[in-house]
Amino acid sequence: MAEKMSAKDKDLPKILVFSTNNISDPGIDLAGSSHMHYPPSVVVLSMPCTSGIKPEWILYALEKGFDGVFIAADGEECAYLSDCTERSGKIVARAQEMLQEKGFEPQRLRMSAICSVCAEPFTNQIKEFSETLQNLGSARKG
Amino acid sequence: MSNKKIGVYICHCGGNISDYVDVEKVREAVAGEPGVEVAKTAMFTCSDATQQEMLEDIREKNLDGLVVASCSPKLHLFTFRGVAKRAGLNPYQYTQVNVREQCSWTHTDDPAGATEKAIRLIRAGIARTNLTEPLEPIVVNTVPAVLVVGAGIAGLRAAVGLADLGLSVWLVEKAASPGGWVAGFGKMYPYDRSGSDLISQLTAEVKKRNNITLFTNAELVEKSGSIGDFNVVIRVNGGEEIKANVGAVIVAAGFDAYQPGDGEYGYGTDGVLTLPEFKALVDSSDGRLMYQGREVKDVVYIYCVGSRQPEGEDRTYCSRYCCNAAVHAALTALEKDPGLHQFHLFRDIRTYGKFELLYNQSREMGVRYLKFDENEPPVVEKDAAGKVKVTVKDLLTYSEEVEIRADLVVLVTGMVPRENSGLTDVLKLPVGRDGFFNEIHPKLRPVETVVDGVFICGTCQGPKNSAESVASALAAVTQSASILKKGYVELEPLIAAVNPELCQWCGECAQSCPYTAIGKEQYQGREVAAVNRAVCKGCGGCAPVCPRNAIDLKGYTDAQVRSMIDAFLKETG
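Protein chains in written order, with the UniProt record's numbering: chain A, 1 to 142; chain B, 1 to 573.
Possibly wrong hints are sitting among the right ones.
[Said to hold, decoys possible] Below 25 Å or equal to it, Euclidean Cα-Cα: the simulated SDA-like pairs (lysine to any residue) are: (1) A/K102 / B/A550; (2) A/K127 / B/D19; (3) A/K90 / B/D19; (4) A/K90 / B/G519; (5) B/K25 / A/S33.
[Stated by the list, open to error] Per the computed footprint, the stretches of chain B lying under chain A, defined by three or more beta-carbons under 8 Å from a beta-carbon of chain A, are: (6) 108 to 115; (7) 352 to 366.
The set of hints was computed from the structure by calculation and includes no laboratory data.
A virtual CB, placed ideally from N, CA and C, is assigned to each residue, including glycine.
Take these sequences, add in the hints, and give me the full structure.
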């Protein structure tokens, strides 16, 4: 396996995406159906709603070896919670405090609203995020 | 280690996955994961043969966990939950891993990277499955009534279909009378009955049925509740509000005709009409065609006006009905005046199905077809004699330049999405890139939307002819009736759960729930939070607010998410 992996893949920042079953996951699926490309070091964990993400999970992901966490939020489209954006914002703020305490750069956590047809915005954002993380270097220093 | 026995099945998807992901390598890499008892690959995991194989494996090897790595859960989550259920395995101990849309298809440029990612994704799916528990669905009783939005041919036919299955129907039409576009159509193919006849007949059928209530000048202004039990508010004549309780909603809101811009192929000048305008002219004339007091002798049709635009423009799609409608209009015009000269300038002709016969008939009757290059479209100019001059290079005669002096130029325009933002807001329906409402899957779930219990049909989901609209309306009838006739729906039991050992009742969670699904109960002599199963929507919004981490969302528990993160990161080398 390892020898077949291209060198570029090995160096790509590992990104964990939290998406939502009904809104952003279909958008990310659409990127695939449209054969749009983003780095394969991006993996998606999908949930009902981004307001359900525990900030501790974000810290855990970075501590365990992810280089960045991207929250593909429902935004205004959330079918569950009318104040979903505000709630997800609070979760991000709490996670940022935890990251800061542990010495992780704030740029390692990003949130953006991704709609059910946002294939291109997702692909562009995730590529740009990957480049930002590449410049930051690995989250696990030393 | 795990005490689970999990079966893992990896799909080739006939090459959609295996062309980019080395599925055999993936199978080897995940076969040794904790809990994995069986690891297999299959050409199509959704095929009957493979489903049967899974059933046998589950029974023979006493599996208590199932993982299928194939397409998006949007397509086959329920298929494989069904397999689990038939085999006697609790369906909530099934996990679908998406290695197609989120892996092979998006990494077609990097097979090695895609293979490694597939291993990571499946490992996380196995980790999650190791921590699943058997759950029972939440049962909600359904209301045997349906709200149908739009009383065009699709909405009317849907109402009749639902009523005949014994469901009550609230039929809401924005216009002053039912019928939509078809009410204004003349003779239609293939039975030569006029649109207005068809609509009068359908309207009469609606009126015959006591269990259909039709509102005109009415619109849907509010919707709350969920599948099986929606509360809706219908506003009539801009004032009076009527409340109704329905189990499902069918949206049949229709389309608008594309309106060409000023000067687009000469639109706006005398003698240049759109297809709907021309059809109305033909239908209303007895005998020879007259336009503004002059007899019409030469007609030029220009196809694909406003349709099939280059990538990046608003309308990249084909409206599929316009070729047929233009050919049909030409034949109808010939019946009125057999001496008419007609020239069809097209990019491509698609008269699919039976309409091919119409196309051939028109050619036999002398209608001429000239093919133009989309980069060199026809030029329309007013000429001195009061006619309209059309210049076109005909690809079928080696780009010979042809000049036609026409009395009428018909711009063959397609369908565009109707301005429906009010309705979109109320129903929270997703709209596609083309601006039409989006179904979950055009082939597998063609009338369902991501909003459970809300269905779409007819031209509000994309261009269709009237027969196709009616077919989709009947599909929506069948889908909604199959839920409502059963009397209940089973909802996901993936709801919040409180760990009473950790909870010290502070009330934060109860405050955070907009559905008031969290209350108090007694546990070992003290107050703790308790979740009302029938009311909880399973959003998980209460879980992060608990200061003691005492709330988990089932299926997405703290332990599951952490184990998935670990599994994603495990070395693949």
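Going through the hints against the structure:
1. Restraint check for A/K102 and B/A550: the C-alpha separation of about 24 Å stays at or below 25 Å, so the hint holds.
2. With a CA separation close to 24 Å, the supplied pair A/K127 and B/D19 stays within the 25 Å bound.
3. The hinted pair formed by A/K90 and B/D19 fails the criterion: a straight-line CA distance of about 43 Å is larger than 25 Å.
4. With a C-alpha separation of about 24 Å, the suggested pairing of A/K90 with B/G519 holds against the 25 Å cut-off.
5. Between B/K25 and A/S33, the direct Cα distance comes to roughly 24 Å. Compliance with the 25 Å bound is thereby established for this hinted pair.
6. With 7 residues bearing a CB less than 8 Å from a CB of chain A, the segment 108 to 115 of chain B meets the requirement of three and the coverage assertion stands.
7. Coverage of the segment 352 to 366 of chain B by chain A is violated [criterion: at least 3 residues with CB-CB distance below 8 Å; count 0].
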